[in-house]
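Enquirer: So you can see what is in the structure, the chains are spelled out below.
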Amino acid sequence: MSLTEEQFTVSLSVNGTTRPVTVPARRLLSDAIRHDLELTGTHVGCEHGVCGACTVLLDGAPVRSCLMFAVQAEGHEITTVEGLADADGRLHPVQEAFRDCHGLQCGFCTPGFLTTIAAALEEYEPGARISEEEAREIVGGNLCRCTGYQNIVKAVGRAQEIRTERAAHTTDDAATPADR
Amino acid sequence: MKPPPFGYAAPSSLEEALAVLAELGHDAKVLAGGQSLIPLLSMRLTAPHTLVDINRIPGLADISVTADGSVVVGALVRHAELLADESARSAHPLLRRATGQVAHPAIRNRGTTCGSVAHADPSGEMTAILAITGGSVQVASAGGGHRDVSAADFFLGPLESSLRPDELALSVRFGAPGERTGSAFLELSRRRGDYAMCGAAVLVTLDEDAAVSDVRAAYLSVGPVPEVHDLSAAVAGQPYASADWVAAGALAASLVEPEGDLHASADYRRRLVAVLTERALPRAAADAVARTQRAASCH
Chain A
12 MSLTEEQFTV
22 SLSVNGTTRP
32 VTVPARRLLS
42 DAIRHDLELT
52 GTHVGCEHGV
62 CGACTVLLDG
72 APVRSCLMFA
82 VQAEGHEITT
92 VEGLADADGR
102 LHPVQEAFRD
112 CHGLQCGFCT
122 PGFLTTIAAA
132 LEEYEPGARI
142 SEEEAREIVG
152 GNLCRCTGYQ
162 NIVKAVGRAQ
172 EIRTERAAHT
182 TDDAATPADR
Chain B
50 MKPPPFGYAA
60 PSSLEEALAV
70 LAELGHDAKV
80 LAGGQSLIPL
90 LSMRLTAPHT
100 LVDINRIPGL
110 ADISVTADGS
120 VVVGALVRHA
130 ELLADESARS
140 AHPLLRRATG
150 QVAHPAIRNR
160 GTTCGSVAHA
170 DPSGEMTAIL
180 AITGGSVQVA
190 SAGGGHRDVS
200 AADFFLGPLE
210 SSLRPDELAL
220 SVRFGAPGER
230 TGSAFLELSR
240 RRGDYAMCGA
250 AVLVTLDEDA
260 AVSDVRAAYL
270 SVGPVPEVHD
280 LSAAVAGQPY
290 ASADWVAAGA
300 LAASLVEPEG
310 DLHASADYRR
320 RLVAVLTERA
330 LPRAAADAVA
340 RTQRAASCH
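If you read the protein sequences in the order shown, they are chains A and B. Going by my numbering, the first sequence opens with residue 12, and the numbers climb by one from there. Going by my numbering, the second sequence opens with residue 50, and the numbers climb by one from there.
Honestly, the hints are just simulated from the structure, not real lab data. We put the beta carbon where it would ideally sit given N, CA and C, even for glycine. Certain hints may be false.
[Claimed, not checked] Pairs of lysine to any residue, SDA-like flavour, derived with a Cα cap of 25 Å:
| no. | chain 1 | residue 1 | chain 2 | residue 2 |
| --- | --- | --- | --- | --- |
| 1 | B | K51 | A | E88 |
| 2 | B | K51 | A | R37 |
| 3 | B | K78 | A | L154 |
| 4 | B | K51 | B | L73 |
| 5 | A | K165 | A | F119 |
| 6 | B | K78 | B | R240 |
| 7 | B | K78 | A | L48 |
| 8 | B | K78 | A | T15 |
| 9 | A | K165 | B | R240 |
| 10 | B | K51 | A | L50 |
| 11 | B | K51 | B | S62 |
| 12 | B | K51 | B | R93 |
| 13 | B | K78 | A | L50 |
| 14 | B | K78 | A | T33 |
| 15 | A | K165 | A | E143 |
| 16 | B | K78 | A | A96 |
| 17 | B | K51 | B | A96 |
| 18 | A | K165 | A | L154 |
| 19 | B | K51 | B | A68 |
| 20 | B | K51 | A | D47 |
| 21 | B | K51 | A | T51 |
| 22 | B | K51 | A | G138 |
| 23 | A | K165 | A | A72 |
| 24 | B | K78 | A | N26 |
| 25 | B | K51 | A | K165 |
| 26 | B | K51 | A | E143 |
[To be verified] Under 8 Å between C-beta atoms, here's a sample of chain A residues computed to sit facing chain B:
| no. | residue |
| --- | --- |
| 27 | G27 |
| 28 | P31 |
| 29 | P35 |
| 30 | R37 |
| 31 | H59 |
| 32 | G60 |
| 33 | A72 |
| 34 | M79 |
| 35 | E93 |
| 36 | T127 |
| 37 | E145 |
| 38 | G152 |
| 39 | R156 |
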């Protein structure tokens, strides 16, 4: 292996914006997101796939960004925690739920929980109930050393309530002109 | 915790990939889902000269159910895709049960079933299911070489398979469950989704009078390779509803030679073999009855 590593130029599409990065093949996706794209919302904990802090969405599905190389991400759409809120700044239901339920303390693990839960919510129709057992299964692959998980599990249910409320409002708004 | 430098090849065809593997031999390592390989790289437990990333090769992501009911899973099928596949789910309940226990959803979204087998980790769920179902691995090499390696010949030791350096595992075939056969899968880990301290995949076959005729079990995390044990001697001929499953568990515990590590001592693992066996077998027997009834009502 030569002292100068071969570099690869990759187009990374993150949160709807595509940017080129030039990286060696061994650059973890997590590091490319943090260091090359300077999106430091994605946190790096264990770097071997156990803690879940670095979870991002790859084409909508949660994956560990420390268990992928940046060169593998071309052609995929990545969503990080920075991409969860609406463009106008309105928080994603799971972000609002974490605030409501005090689902975080130090916040280190939070981005991984938020992305993981945001993807899991999409499996449920607004109005459907998520049981506590299902909520625990959803967050079972993420470690938190502060909260003891109780409020995180509550936040999953609360996030689904918020989604349901928002869906109802959207329906009301859409119905309003016709009602007049 | 960063991988060491490596060369990177991302072939866009199978022929190209096999040519690279033939050229590099021991210096190359295949990258599919990467959920086992990348941690090994990051912990510097392995340092291949070149990674051959097969993710851009078309035609390797198929799931099919053969006429005899076997399930064939291509090299790029993710665990989550196998779990969601209706035909595989209904054809092979044991495979479905075990796949749902592989790590966490985020790992299953990326990790491949075929890669789990090729990784040959005796604590992996897929290795045990391949072994107990008498499955096989379909292997290709440059120049049109193909061979079909049975599970019994595939696993040589922990993280060691009979896959040669110039070969690529194209697919794995999980053998069909037989008639009047039910299955169960149980594993125990300190945290759900972690590597099991012990796991048991069991198959129970009943005869036409609902007596036990054949009992087999494969265990995770108790030996250097996935072990399949015949437990029929403890319960054969007994009516399934009153069979002495505890005796079958005791027989299983006498057949395994687990080693201890920081997660569980050898004695504890042996105890888990007995307990998981006696819990899993009646479930598998009940499953056999239900499947037999369903099969009868379909004819």
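Enquirer: With reference to the structure, classify each hint as holding or not holding.
Expert: Okay, the hints, checked on the actual structure:
Proposed proximity of B:K51 and A:E88 is supported: the alpha carbons are some 24 Å apart, at most 25 Å. With a C-alpha separation of about 8 Å, the suggested pairing of B:K51 with A:R37 holds against the 25 Å cut-off. Of the supplied pair hints, the one linking B:K78 and A:L154 is violated, its CA atoms being roughly 31 Å apart against a limit of 25 Å. About 24 Å separates the Cα atoms of B:K51 and B:L73, which keeps this hinted pair within 25 Å; it holds.
Distance check on the hinted pair: A:K165 and A:F119 sit about 19 Å apart at the alpha-carbon level, within 25 Å; holds. For the hint pairing B:K78 with B:R240, the CA-to-CA distance comes to about 31 Å; that exceeds 25 Å, so the pair is violated. With a C-alpha separation of about 29 Å, the suggested pairing of B:K78 with A:L48 is violated against the 25 Å cut-off. Only pairs whose Cα atoms come within 25 Å are accepted, and B:K78 paired with A:T15 is accepted, the gap being roughly 21 Å.
As the CA atoms of A:K165 and B:R240 are separated by approximately 20 Å, the hinted pair is consistent with the 25 Å bound. Annotation: proposed proximity of B:K51 to A:L50 holds, straight-line Cα distance about 19 Å (limit 25 Å). For a cut-off of 25 Å, the pair hint linking B:K51 to B:S62 is broken: about 29 Å separates their Cα positions. For the given pair, B:K51 sits about 8 Å from B:R93 by alpha-carbon distance, which is consistent with the 25 Å threshold.
Between the alpha carbons of B:K78 and A:L50 the distance comes to roughly 31 Å, so the proposed pair goes past 25 Å and is violated. Distance restraint check for B:K78 and A:T33: the Cα-Cα separation of roughly 23 Å lies within the 25 Å cut-off, and the hinted pair is therefore satisfied. With a C-alpha separation of about 8 Å, the suggested pair A:K165 and A:E143 falls inside the 25 Å cut-off, and the hint holds. At most 25 Å may separate the alpha-carbon atoms for a hinted pair to count; B:K78 and A:A96 exceed this at roughly 40 Å.
Among the hinted pairs, B:K51 with B:A96 is consistent with the structure: their alpha-carbon atoms are about 11 Å apart, no more than 25 Å. Among the hinted pairs, A:K165 with A:L154 is consistent with the structure: their alpha-carbon atoms are about 16 Å apart, no more than 25 Å. In summary, the hint linking B:K51 to B:A68 is not supported, as the alpha carbons are separated by about 29 Å, beyond the 25 Å threshold. This hinted pair checks out: B:K51 and A:D47 have alpha carbons roughly 16 Å apart, not beyond 25 Å.
For a cut-off of 25 Å, the pair hint linking B:K51 to A:T51 stands: about 18 Å separates their Cα positions. At roughly 43 Å between alpha-carbon atoms, B:K51 and A:G138 are farther apart than 25 Å, so this suggested pair is violated. Using a Cα cut-off of 25 Å, the hinted pair A:K165 and A:A72 holds, with the two alpha carbons roughly 22 Å apart. This hinted pair does not check out: B:K78 and A:N26 have alpha carbons roughly 32 Å apart, beyond 25 Å.
Distance check on the hinted pair: B:K51 and A:K165 sit about 35 Å apart at the alpha-carbon level, beyond 25 Å; violated. Proposed proximity of B:K51 and A:E143 is contradicted: the alpha carbons are some 37 Å apart, above 25 Å. Hint status for A:G27: violated, given a least beta-carbon distance of 21 Å to chain B, over 8 Å. Given hint, A:P31 at the interface with chain B, is violated; its Cβ is 17 Å from that chain's nearest Cβ, farther than 8 Å.
Against a cut-off of 8 Å between C-beta atoms, the interface hint on A:P35 holds, since the closest Cβ of chain B lies about 7 Å away. Hint status for A:R37 relative to chain B: holds, with the closest Cβ pair at about 4 Å, below 8 Å. Satisfaction of the interface hint for A:H59 is found here, the shortest Cβ-Cβ separation to chain B being roughly 4 Å, below the 8 Å cut-off. Here the hint on A:G60 is kept, as its CB sits about 6 Å from the closest CB of chain B, short of 8 Å.
Below 8 Å, beta-carbon pairs count as interface contacts, and A:A72 has one with chain B at about 4 Å; its hint therefore holds. Against a cut-off of 8 Å between C-beta atoms, the interface hint on A:M79 holds, since the closest Cβ of chain B lies about 6 Å away. The interface hint given for A:E93 is broken, as the beta carbon of that residue sits about 19 Å from the closest beta carbon of chain B, more than 8 Å. Here the hint on A:T127 is kept, as its CB sits about 7 Å from the closest CB of chain B, short of 8 Å.
Of the supplied interface hints, the one on A:E145 is violated, with its beta-carbon coming no nearer than about 12 Å to a beta-carbon of chain B, more than 8 Å. Among the interface hints, the one on A:G152 holds; its C-beta lies about 3 Å from the nearest C-beta in chain B, closer than the 8 Å criterion. Taking 8 Å as the C-beta cut-off, the interface hint given for A:R156 is violated, the closest approach to chain B being about 14 Å.
Going down the numbered hints, you'll see the structure goes against 3, 6, 7, 11, 13, 16, 19, 22, 24, 25, 26, 27, 28, 35, 37 and 39, while the others check out.
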